[in-house]
Amino acid sequence: MTPRVPGIEPSDWARSQLVLRALMLLGPVAALLASGPTGHAAPWWLVGVVAALAGVWAWYTDVPFGAAPLLVVIGWWAAALGSTTSAWLLVAAAALLVAHVAAVLASYGPPAMPVDRAVTRLWVRRGALVLLTAPVAWGAARALRDQPEQPGIWVLGVAVACVATLIATAALRTDQEER
Amino acid sequence: MSSREVGRGGAASWRSTTALGRALVVGGLGIGMAVLTGEPAIVVLVAPFVTLAALSLVHRPGRDPVLNSRLDHLTLREGVGTTSRLSVTGAEDAELLVRITGQPPYVVARPHGGRVGRLLDGPPPEVEISPRRWGRRMLGAERVALYSPWAGYRFGPVALGGQWTRVLPVTAPYDSRAEAPQPLGLVGAHRSRRTGSGTELSGIRPFQPGDRLRRVNWRVSLRTGDLHVVTTRAEEDTGVLLVLDALADHGVSDGVDGAASSLDLGVRAASAIAEHHVRQGDRVALRVVGRGREQVGYGAGARHLRRIQDRLATVRVGDAGEPDTGVLQLGVTGGAVVVVLSPMLAESVGTVAATLTRRGVAVLVVDTLPADARPDLPEGADPELAALAWRMRMLERAVVLDRLAALGCPVVAWRGPGTVDDVLRRLARRAQLPRVVGR
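If you're matching them up, the sequences are chains Z and W in order.
Note that my numbering numbers the first sequence so that position 25 is 25, with each residue one more than the last.
Note that my numbering numbers the second sequence so that position 305 is 305, with each residue one more than the last.
None of these hints come from the bench; they were simulated from the model.
Heads up, a few of these hints could be off.
[Claimed, not checked] Derived contacts from chain Z toward chain W, CB cut-off under 8 angstroms, selection only:
| no. | residue |
| --- | --- |
| 1 | ASP62 |
| 2 | PRO64 |
| 3 | ALA78 |
| 4 | ALA128 |
Backbone N, C-alpha and C define an ideal beta-carbon position, used for all residues, glycine too.
One chain only, chain Z, in its complex shape (with noise of 0.2 angstroms):
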């Protein structure tokens, strides 16, 4: 008799990757019921689509199809809220984010692989600092809204996101050579 081999079916998951695809379903769409308090509520049948996106992702975990839920969700937000910056663009940013980084985390190894704690409390401290440009760009965005669209304006905030990027790269390069 040949015992069964541990690791193909969802029992046998490790409890660490449960969680993760729990946070990969949740996150999209929480970024999307996060609209509702703004007065722009996402329809049912939307969420049940972001749902459905989201499942397929968490059960698939590494495919490039994950990106779908997020675009979904984005493009929710942009058609819904026009140009205004509610707070809870924040929420929904942090959701994405969330879903984001438990989809590195669960994409690292096979489902019956646990998440070691050292590698989750690395990703949920660069998650943190990753999620500080979300409020950066929130305070830019009130901060410019009712300021005249100036030329360029566009091409120089990019110009600063990818400078800040790289002094961020160096000063964590130099962080970790010095350990």
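Assemble chain W onto chain Z, guided by the hints.
Coordinates of chain W only, in the frame set by chain Z:
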């Protein structure tokens, strides 16, 4: 037990991950949408993705790592474990290492079933592997992947080949104080029928020319007025032929710490009996009745025991395809004890046990059929019909065992230590008696 390199990483390269692709697509499309529509809300949503993508791209690795794995031991007993160690060189650009160990049947791995992912801030994680059943097992096969910082790039997964390893049967706790029925050798631990220079008292007889003076019994000599000497019984070794029935495997095998099939019981019992007799200085031989027809001639010593256990580890289940229309030729020598380890469901095994018993050979049958054994049903078979056939087979088996018992061939179920003590003692007593045997 020596260690050996069992795998070396083949050609692989760093490739971008789906996480990087997702961040680039979301960030790029988001920025593009924001520029086209002039909606700053989109920038807020995609700003973290743009940052993640940028950080991943900046940490693009430049060197390809080299991976090697090795096992600490290449000969194992079932239930005993070894460690699979991985050496990684040139992995300065990598941040995380993931090892996914293969899951062949009857092999367990720790931690987490051999699936482990750790940061490369120390030595690579080790994986402990333990085969749970005797036989040939592939150990150490695995797939290894490395990830760059921020999970932008992945190296591998690289398949590292494993090593076919012979897993020896576990040494079941077994001991016997019974004597061999017909010791007929040179020097050993069993009392022989003939007198010789042993230590066990055989009798006292009148002195004869050639007797040693130190054997004179002075008390009897003074009482009788004639010289009398003490005689002792010789101590000899014996030959033990282990016959293992591998024509079929009945019952469920869950490894060394679970349920045992008929072949599990047979192999482990053969290993235990062989070890016991080799330690007593006896000559032990092995004959496997099965597809592989493994055979080991008579011999003694630790090296011979290892040879027997190696053969037991390679036993294959299946029809022997014996020549001479199914009559087994075991090559039994005079004075040998034949221990047949069998579930006694094959006619040829029962026949050979009966034939040898009729010839006066000391034969002992160890019944290895588990109590809960059930037939393996082929797909589409009628369960009621199969149950009926199995009951009929059990009845036939009972008849065979009764006939063997009537012939004087004891049949015992394997119970570990002391299993064959009683029957070996009875065989030894019976061997002292004169009798007529068939030729």
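task = Would you list, in rising numerical order, the hints stated earlier that this structure does not obey?
result = The structure breaks only hint 4.
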